[in-house]
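Engineer: Now for the letters of each chain:
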Amino acid sequence: MSKCGQEKRKKVLEFQNVTFSYKDKQQTESTPILQRVNTAIYEREFITIIGASGSGKSTLFRLITGLENPDEGHILLNGEAEEHRLGKVGYMPQQDLLLPWRTIQENAALPIELKRVRKEEAYKRVLPLLEEFGLEGMENRFPHELSGGMRQRVSFLRATLSGSNILLLDEPFSALDAITRLSMQEWLMEQWEKQKTTVVFITHDVNEALFLSDRIFVFGEKPIRTLQEVDVPLGRPRSLKDLNQPSLIELKDQLLEQLRGKVMG
Amino acid sequence: MNNRKGSLSAGLFILAFLIIWEAAARAVNMIFILPPPTGIIEKLWELKGPLLIEHLPVTLSTIIIGLVISILLGVGIAVWMSVSPSAEKAIYPIIISSQMIPIIALAPIFVLWFGYSIWSKVVVTVLITFFPITVNTYDGLRSGSQELKELMLTMGAGKKEIFFKLLVPSALPHFYSGLKVAVTLSVIGAAIGEWLGAQAGLGYFSRRMMTQFDGAAVFAPIVLLSLIGIILFVIVKWIENKSLKWRKSS
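Residue numbers (the numbering used here), protein chains in the order written: chain G, 1 to 265; chain W, 1001 to 1250.
For the record, the hints were derived by calculation from the structure and aren't laboratory data. What you are looking at is a predicted structure, and each value in this text was computed from that prediction instead of being measured. C-beta: ideal position from N, C-alpha, C; glycine also. Please note that a few of the clues may not be correct.
As the list claims (entries may be wrong) - A few chain W residues that don't get close to chain G, going by computed Cβ distances all over 10 Å:
no. : residue
1   : Pro1085
2   : Thr1154
3   : Leu1244
Said to hold, decoys possible - Only part of the chain G face toward chain W is listed, based on derived beta-carbon distances under 10 Å:
no. : residue
4   : Pro93
5   : Lys124
6   : His144
The following block holds chain G by itself, in its conformation from the complex (with noise of 0.2 Å):
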């Protein structure tokens, strides 16, 4: 569905001839990661990644949240090269990463904080969307106090706080059990179709992938010259239910058969 539209959406991000590798010590150039990428990912979007470990899933997202800077090439968000793009765009990290001294309400705040926002202020913003995202009455517990599946949700209720309309998710659910997995899903689904944001989701999980996303992004042996798209042929809404369409299941094999090769290769 979203092929014809493309065209006339805005680009959000977008990569022109990216290069990168990591140093070691003597700064001596090792194997790049990304080799001369282009890529563009379009408004209010939802992109996955797959690969195996070690593919430089999480160097994509580090280059996109600028913490790493391309060795060549540019990275534009919103339609501008960005050389700093730390703050600019919001992560959330595999681990829910809450800040243990910090309640619920005081952890979703952060990114309001640093951005110099009254302290009173910005906890006054964040109480009402704690609600919204299932947690009232748990604003001033603590992490530790709460189940996987609720912290995982005050991890992206304070990235989607960044103020972004760019939110990288790294296999924000893979901690969680099989069913809290599915029902996160779900929640994802309807709140990234409230939020009108452009979401790019790694994960291992092919149906994770096929369930979420308008299009997949295979990564492959390293260097990663050309992303190797896939088109998830499936409306909105869905249901888990959709997945279970001949095509869909034929579709799901190839992607399987593509990085059981990558893994053997």
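With chain G's structure known, arrange chain W on it following the hints.
Structural biologist: Relative to the frame of chain G, chain W by itself:
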């Protein structure tokens, strides 16, 4: 429940120890060498005037001044080392090796420098209490996780914000551990300082009574010194629980 059981058995153990001591002291019957606990308590009551009014305030102010200086110095050095790697390289080995110097043996020199004033005792106290505070606080400041730091960077946090909102809260539990060790050491430091040369103080009084072969009067100020140590420890523990509420509820 478990806690109460624990303190009950500790109490019983102490009681048994005191009873054995009492019995042994009565059997030996040399009050100037081994005074019985009841004799010490009697002596404490008898000497309560001079001990509480004359000697306790002197020792207590040595301890408090010493601890305050240690906290300021220890935290200051720890922060400095954590923000400047070259300071860490230069200072950390010195701090470690400073603990190899037998401070008790060095103490007479402080009496030479500062005379019988309170400062010679404060110096001894500071020298043995700043170490646990510095090292623990420093380790605490380094314990802030790299992942949390990077997460805060992606939120646009600066160095100052990472220090105050991440490193300081991560360091606090470590700081309190150091402080708990320091308060117990501070009592020892003050007492040793007073042995070497003083005109008042609980340590000084205890030593003076030794020359008079008054066993019970040697022990009486020691009881008070231990009480100071215990009370200081309890106060630190209380402040710790108050400021680390998030840990208590786990």
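Engineer: Next step is simple, just say for each hint if it's right about the structure.
Structural biologist: Each hint, compared with the structure:
For W:Pro1085, the condition that its CB be more than 10 Å from all CB atoms of chain G holds, with the nearest at approximately 16 Å. Under the 10 Å C-beta cut-off, the non-interface status given to W:Thr1154 relative to chain G is violated; the minimum distance is some 4 Å. At the 10 Å boundary, the C-beta of W:Leu1244 falls inside the reach of chain G, the nearest C-beta of that chain being 7 Å off. Annotation: interface hint on G:Pro93 holds; nearest CB of chain W at approximately 6 Å, less than 10 Å.
Given the 10 Å rule on beta carbons, the hint for G:Lys124 is violated: about 19 Å separates it from the nearest Cβ of chain W. Taking 10 Å as the C-beta contact cut-off toward chain W, the hint placing G:His144 at the interface holds, the least distance being around 5 Å.
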